[in-house]
Amino acid sequence: DAKTTQPPSMDCAEGRAANLPCNHSTISGNEYVYWYRQIHSQGPQYIIHGLKNNETNEMASLIITEDRKSSTLILPHATLRDTAVYYCIVNSGGYQKVTFGTGTKLQVIP
Amino acid sequence: NAGVTQTPKFQVLKTGQSMTLQCAQDMNHEYMSWYRQDPGMGLRLIHYSVGAGITDQGEVPNGYNVSRSTTEDFPLRLLSAAPSQTSVYFCASSYRTGSTEAFFGQGTRLTVV
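Residue numbers (this note's numbering), protein chains in the order written: chain P, 1 to 110; chain Y, 1 to 113.
These are computed hints drawn from the structure, not numbers from a lab.
Given the structure is predicted, the values throughout are model-derived calculations rather than measurements.
It cannot be assumed that every hint is accurate.
[Unchecked claim] Computed, partial: chain P to chain Y, Cβ under 10 Å: (1) C12; (2) Y34; (3) Q38; (4) G101.
[Claimed, not checked] Beta-carbon label-pair distances, calculated as ranges: (5) T56/P <-> G3/Y: 47 to 53 Å; (6) L79/Y <-> I63/P: 26 to 32 Å; (7) E101/Y <-> S25/P: 43 to 49 Å.
[As the list claims (entries may be wrong)] Here are the simulated SDA-like pairs of lysine to any residue, each with C-alpha atoms no more than 25 Å apart in a straight line: (8) K3/P <-> K14/Y; (9) K14/Y <-> D38/Y; (10) K52/P <-> V113/Y; (11) K3/P <-> I74/P; (12) K9/Y <-> K52/P; (13) K3/P <-> E101/Y; (14) K9/Y <-> N23/P; (15) K105/P <-> A24/Y; (16) K69/P <-> G42/Y; (17) K52/P <-> D38/Y; (18) K3/P <-> D38/Y; (19) K105/P <-> T55/Y; (20) K3/P <-> T55/Y; (21) K105/P <-> M41/Y; (22) K9/Y <-> S41/P; (23) K3/P <-> T100/Y; (24) K9/Y <-> K69/P; (25) K14/Y <-> S41/P; (26) K9/Y <-> T99/P.
Even glycine gets a Cβ: it sits at the ideal position worked out from N, Cα and C.
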């Protein structure tokens, strides 16, 4: 599975959009981009995933560049409860050997 | 649905003791895995299973054993606990193939003294 690069930390004002970038320049054609978050050392929680097209659900939007070498997770209106570590993962499915990096620690500021 | 259930939530062991961390899922997922997370670090894969009777090693398997006798359960055994195994352990499950999400348990916080 391809490796990912994320900034170690970011701040976002409450109510503003949080844009979390991820670089995955070695992604292969059959690999999806997944995002998870981990709040207060709880178990990671799935947010969203995509292959080529942009995706949106009730939690977030995922924007994938045309060359698929990078992506951005967007939390449209960040709240204090969105303070967490966000992990970007690329995987061909099934999670046979997924390794989580250190992620981005998002701090939402009142 | 209970999802992925891990027991116990907290455990303190003495060096050399053995124990089993339990993980159960009720979603009929083929794939199950164990991760450990050390302070300030991401999750590292210990062992995984793609179905009953099939297990394989992940990134950091030493000191741990697993078995998968049923689809629902995937216990992790520490044969002789060491302080280096102090960590938070997470179990996860998912369908085996396809663009599928993984579901995680709430973790077992293990301290080896």
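Status of each hint after checking the structure:
Because the closest C-beta pair between C12/P and chain Y is about 21 Å apart, greater than 10 Å, the hint is violated. Nearest Cβ of chain Y to the Cβ of Y34/P: about 7 Å, under the 10 Å cut. The hint holds. Evaluation of the Q38/P hint against chain Y yields a held restraint, the C-beta minimum of about 8 Å falling below 10 Å. Below 10 Å, beta-carbon pairs count as interface contacts, and G101/P has one with chain Y at about 5 Å; its hint therefore holds.
Look at T56/P against G3/Y: about 24 Å separates their beta carbons, and that is not inside 47 to 53 Å. The given range of 26 to 32 Å is broken by L79/Y and I63/P, whose C-beta atoms sit roughly 46 Å from each other. At roughly 24 Å, the beta-carbon separation of E101/Y and S25/P lies outside the given 43 to 49 Å, and the hint is violated. A distance of roughly 37 Å separates the Cα atoms of K3/P and K14/Y; the hinted pair therefore is violated under the 25 Å criterion.
For the given pair, K14/Y sits about 19 Å from D38/Y by alpha-carbon distance, which is consistent with the 25 Å threshold. A distance of roughly 48 Å separates the Cα atoms of K52/P and V113/Y; the hinted pair therefore is violated under the 25 Å criterion. Between the alpha carbons of K3/P and I74/P the distance comes to roughly 21 Å, so the proposed pair stays at or under 25 Å and holds. A threshold of 25 Å between alpha carbons decides the hint, and for K9/Y with K52/P the separation of about 39 Å lies outside it, so the pair is violated.
For the hint linking K3/P to E101/Y, the alpha-carbon distance of about 18 Å falls within 25 Å, and the restraint holds. Our distance criterion of 25 Å between C-alpha atoms is broken by K9/Y and N23/P, whose separation comes to about 35 Å. Simply put, K105/P and A24/Y have alpha-carbon atoms about 29 Å apart, too far for the 25 Å limit, and the pair is violated. At most 25 Å may separate the alpha-carbon atoms for a hinted pair to count; K69/P and G42/Y meet this at roughly 22 Å.
The straight-line distance between the Cα atoms of K52/P and D38/Y is roughly 33 Å, outside the 25 Å bound, and the hint therefore fails. Taken as a hint, the K3/P and D38/Y pair is honoured in the structure, with Cα atoms around 20 Å apart against an allowance of 25 Å. Of the pairs offered as hints, the one joining K105/P and T55/Y is violated, with about 33 Å between alpha carbons and a cut-off of 25 Å exceeded. Annotation: proposed proximity of K3/P to T55/Y holds, straight-line Cα distance about 24 Å (limit 25 Å).
Taking the CA atoms of K105/P and M41/Y, the gap is about 11 Å. The hint holds against a cut of 25 Å. The suggested pairing of K9/Y with S41/P holds, with an alpha-carbon distance near 12 Å, which does not exceed 25 Å. At most 25 Å may separate the alpha-carbon atoms for a hinted pair to count; K3/P and T100/Y meet this at roughly 19 Å. A C-alpha spacing of about 39 Å is found between K9/Y and K69/P, which places the hinted pair above 25 Å, so the restraint is violated.
In summary, the hint linking K14/Y to S41/P is supported, as the alpha carbons are separated by about 24 Å, within the 25 Å threshold. Of the supplied pair hints, the one linking K9/Y and T99/P holds, its CA atoms being roughly 23 Å apart against a limit of 25 Å.
Going down the numbered hints, you'll see the structure goes against 1, 5, 6, 7, 8, 10, 12, 14, 15, 17, 19 and 24, while the others check out.
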